[in-house]
Amino acid sequence: MLALLGLAMVVVFTFLIMTKRLSPIVALTVVPIVFAVIGGFGGTTGKMMLDGLKMVAPSAALLLFAILFFGLMIDSGLFDPLIRKILKRVNGDPMKIAVGTALLSLTVALDGDGTTTYMITCAAMLPLYKRIGMNPMILATISMLSLSIMSGMTPWGGPATRAIAALGLDAGAYFVPLLPTMIGGAAWVVFTAFLLGRAERKRIGNVQLQSGGSDCYIKAILEDTPHKRPKLAYVNLLLVTAVMVALVMGLMHSAILFLIGFVLALMINYPQLDIQKERILAHSGNAMTVVLLVFAAGIFAGIFSGTKMVDALAQTLVDWIPPSWGHLFPLVVAITSMPLTFVLSNDAYYFGVVPILANAAAAYGIDPVEIARASILGQPVHLMSPLVASTLLLVGMVDRDLGDFQRATFKWAVLTSLVVTALALLTGALTLFA
Numbered sequence: 046m047l048a049l050l051g052l053a054m055v056v057v058f059t060f061l062i063m064t065k066r067l068s069p070i071v072a073l074t075v076v077p078i079v080f081a082v083i084g085g086f087g088g089t090t091g092k093m094m095l096d097g098l099k100m101v102a103p104s105a106a107l108l109l110f111a112i113l114f115f116g117l118m119i120d121s122g123l124f125d126p127l128i129r130k131i132l133k134r135v136n137g138d139p140m141k142i143a144v145g146t147a148l149l150s151l152t153v154a155l156d157g158d159g160t161t162t163y164m165i166t167c168a169a170m171l172p173l174y175k176r177i178g179m180n181p182m183i184l185a186t187i188s189m190l191s192l193s194i195m196s197g198m199t200p201w202g203g204p205a206t207r208a209i210a211a212l213g214l215d216a217g218a219y220f221v222p223l224l225p226t227m228i229g230g231a232a233w234v235v236f237t238a239f240l241l242g243r244a245e246r247k248r249i250g251n252v253q254l255q256s257g258g259s260d261c262y263i264k265a266i267l268e269d270t271p272h273k274r275p276k277l278a279y280v281n282l283l284l285v286t287a288v289m290v291a292l293v294m295g296l297m298h299s300a301i302l303f304l305i306g307f308v309l310a311l312m313i314n315y316p317q318l319d320i321q322k323e324r325i326l327a328h329s330g331n332a333m334t335v336v337l338l339v340f341a342a343g344i345f346a347g348i349f350s351g352t353k354m355v356d357a358l359a360q361t362l363v364d365w366i367p368p369s370w371g372h373l374f375p376l377v378v379a380i381t382s383m384p385l386t387f388v389l390s391n392d393a394y395y396f397g398v399v400p401i402l403a404n405a406a407a408a409y410g411i412d413p414v415e416i417a418r419a420s421i422l423g424q425p426v427h428l429m430s431p432l433v434a435s436t437l438l439l440v441g442m443v444d445r446d447l448g449d450f451q452r453a454t455f456k457w458a459v460l461t462s463l464v465v466t467a468l469a470l471l472t473g474a475l476t477l478f479a
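Residue numbers for the sequence shown follow the numbering used here, beginning at 46 and rising by one.
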């Protein structure tokens, strides 16, 4: 009964936002409350909602301060040299722009952080997309797929870190056999960018932009503003590097690191109080929209886990797998990780569901490390989910609706998951027969 109720809740929620019957914030809040009442959990719904808010509060704080921090870095012109170099190479060719987007986002995503990846990639490429009339959804799709490969598979990325911790695995034993799959996945993302860019070139043509003189397109995109601080470029670069190194080393919680980074960036670049207020207000709209969505997602996740719907769905999945399919268990985990990670947060899936799957697989003599590798192959689909905070940031940056984003990326996300699953089987990262 609980599994059926949970499945119905997910289906109704997805239908409402993809058909634009409700906004994501409203749907994330109202739908789980209604289904909790239907399931007889009305008396404890408030507590579950509060638990959900507590669960996502650190993520909300992280996004708030990360958006403000990188917003100030973009305002100061820190990334202008990198953006200028990319713009010179791609000019107005949509195919080159799409491939350049893939190469940039794959590189930036190596640090494992979605917020960083999306903010830097969008800051570099979105003005060019707008300038020549390219569909910003191509930028969003490529950035999301890049993050799913580079952050989704590396041991220092969120999903793999959780899987390794939940199953008590050695990071090297997990990662080394997965490297060929990761490299192949990155190549697939570049190829996808090529296909998307080529289709866009057929639609709008190859736009030749003026690369010199007063009408230079690079100058227009990287317009001079009173907020640029070129003389402080090395100081800002040192600050960003220090924050990212501390983030990777885990010296403090990421929200605290970005708070400190934001405050220092504000003091260094804009010591005048009136300009500080102006810069905060300039980025507050985007930050507030994302934070509200994250808290709404917390309501959904809190009720979903508090009612035990997620546990019921996972157990039903395990029960449905016939014993004769035991040798196919890694493939089953890889395929089911797509829908399960879409409806669950990474914490819920990797700490709640994956141990159940690993225990079931052990009955068939399958090593838990294969279950860990299989569980991360659905990350391209997971990153479409409204429960992913950085995805809400990406949707806001390209100024599109979440439903539009999901419709545009669904095919490529599923296809990418299937491709990396096939690569994992071909390279031996997953085995179907002992």
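Worth double-checking, as some hints may not be accurate.
Claimed, not checked - Here are the computed lysine-lysine pairs in the DSS-like style, where the Cα-Cα straight-line distance is at most 27 Å: (1) K141 to K175; (2) K175 to K456; (3) K99 to K130; (4) K276 to K133; (5) K322 to K276; (6) K130 to K273; (7) K141 to K353; (8) K273 to K133; (9) K247 to K99; (10) K65 to K133; (11) K273 to K175; (12) K133 to K247; (13) K175 to K65; (14) K456 to K92; (15) K273 to K353; (16) K99 to K353; (17) K141 to K130; (18) K130 to K322; (19) K247 to K141; (20) K456 to K65; (21) K247 to K175; (22) K276 to K130.
As the list claims (entries may be wrong) - Label pairs and their calculated CB-CB ranges: (23) T152 to V82: 41 to 51 Å; (24) D444 to P275: 40 to 50 Å; (25) G410 to L283: 44 to 54 Å; (26) R248 to A210: 40 to 50 Å; (27) G410 to R243: 41 to 51 Å; (28) K353 to A327: 40 to 50 Å; (29) R129 to I249: 42 to 52 Å; (30) K130 to D444: 17 to 27 Å; (31) G87 to L326: 16 to 26 Å; (32) L49 to P225: 19 to 29 Å; (33) A210 to T286: 19 to 29 Å; (34) R248 to M289: 20 to 30 Å; (35) V75 to K99: 19 to 29 Å; (36) I301 to D446: 45 to 55 Å.
Just so you know, these hints were derived from the structure itself, not from any lab. Remember, it's a predicted structure, so these values are computed and weren't measured experimentally. Glycine residues also receive a C-beta, built at the ideal position from the N, C-alpha and C atoms.
How the hints compare with the structure:
As the CA atoms of K141 and K175 are separated by approximately 15 Å, the hinted pair is consistent with the 27 Å bound. Proximity of K175 to K456 is assessed by CA-CA distance (about 24 Å); at most 27 Å being required, the pair is judged to hold. Proposed proximity of K99 and K130 is contradicted: the alpha carbons are some 43 Å apart, above 27 Å. With a C-alpha separation of about 23 Å, the suggested pair K276 and K133 falls inside the 27 Å cut-off, and the hint holds.
The hinted pair formed by K322 and K276 meets the criterion: a straight-line CA distance of about 22 Å does not exceed 27 Å. Between K130 and K273, the direct Cα distance comes to roughly 18 Å. Compliance with the 27 Å bound is thereby established for this hinted pair. Our distance criterion of 27 Å between C-alpha atoms is broken by K141 and K353, whose separation comes to about 48 Å. Restraint check: the Cα-Cα separation between K273 and K133 comes to about 21 Å, which is no more than 27 Å; the hinted pair holds.
Taking the CA atoms of K247 and K99, the gap is near 48 Å; set against the 27 Å cutoff, the hint is violated. A threshold of 27 Å between alpha carbons decides the hint, and for K65 with K133 the separation of about 39 Å lies outside it, so the pair is violated. Between K273 and K175 the CA atoms are separated by roughly 22 Å; this keeps the pair inside 27 Å, and the hint holds. With a C-alpha separation of about 22 Å, the suggested pair K133 and K247 falls inside the 27 Å cut-off, and the hint holds.
Using a Cα cut-off of 27 Å, the hinted pair K175 and K65 holds, with the two alpha carbons roughly 25 Å apart. A C-alpha spacing of about 37 Å is found between K456 and K92, which places the hinted pair above 27 Å, so the restraint is violated. Of the supplied pair hints, the one linking K273 and K353 is violated, its CA atoms being roughly 51 Å apart against a limit of 27 Å. At most 27 Å may separate the alpha-carbon atoms for a hinted pair to count; K99 and K353 meet this at roughly 18 Å.
A distance of roughly 13 Å separates the Cα atoms of K141 and K130; the hinted pair therefore holds under the 27 Å criterion. This hinted pair does not check out: K130 and K322 have alpha carbons roughly 32 Å apart, beyond 27 Å. Between K247 and K141, the direct Cα distance comes to roughly 13 Å. Compliance with the 27 Å bound is thereby established for this hinted pair. In summary, the hint linking K456 to K65 is supported, as the alpha carbons are separated by about 19 Å, within the 27 Å threshold.
Using a Cα cut-off of 27 Å, the hinted pair K247 and K175 holds, with the two alpha carbons roughly 17 Å apart. A distance of roughly 19 Å separates the Cα atoms of K276 and K130; the hinted pair therefore holds under the 27 Å criterion. A C-beta distance of roughly 48 Å is found between T152 and V82, which places it inside the suggested range of 41 to 51 Å. For the pair D444 and P275, the beta carbons lie near 28 Å from each other, so the given range of 40 to 50 Å is not met.
Taking the beta carbon of each, G410 and L283 are about 52 Å apart, inside 44 to 54 Å as hinted. Distance hint check for R248 and A210: the Cβ-Cβ separation is about 45 Å, which falls inside the suggested range of 40 to 50 Å. At roughly 46 Å, the beta-carbon separation of G410 and R243 lies within the given 41 to 51 Å, and the hint holds. Separation of K353 from A327 is about 44 Å and conforms to the stated range, judged on CB atoms against 40 to 50 Å.
Distance hint check: the CB atoms of R129 and I249 are about 23 Å apart, inconsistent with the given range 42 to 52 Å. At roughly 26 Å, the beta-carbon separation of K130 and D444 lies within the given 17 to 27 Å, and the hint holds. In this structure the supplied range 16 to 26 Å is violated for G87 paired with L326, their Cβ-Cβ distance being about 41 Å. At roughly 40 Å, the beta carbons of L49 and P225 sit outside the given window of 19 to 29 Å.
Checked against the hint of 19 to 29 Å, the C-beta distance between A210 and T286 comes to roughly 27 Å, which is consistent with it. Under the hint 20 to 30 Å, the C-beta atoms of R248 and M289, about 37 Å apart, miss the expected range. The hint said 19 to 29 Å for the Cβ distance between V75 and K99, and at roughly 20 Å that hint holds. The hinted range of 45 to 55 Å is not satisfied by I301 and D446, whose Cβ atoms lie roughly 32 Å apart.
In summary, the structure is inconsistent with hints 3, 7, 9, 10, 14, 15, 18, 24, 29, 31, 32, 34, 36 from the numbered list given earlier, while agreeing with the others.
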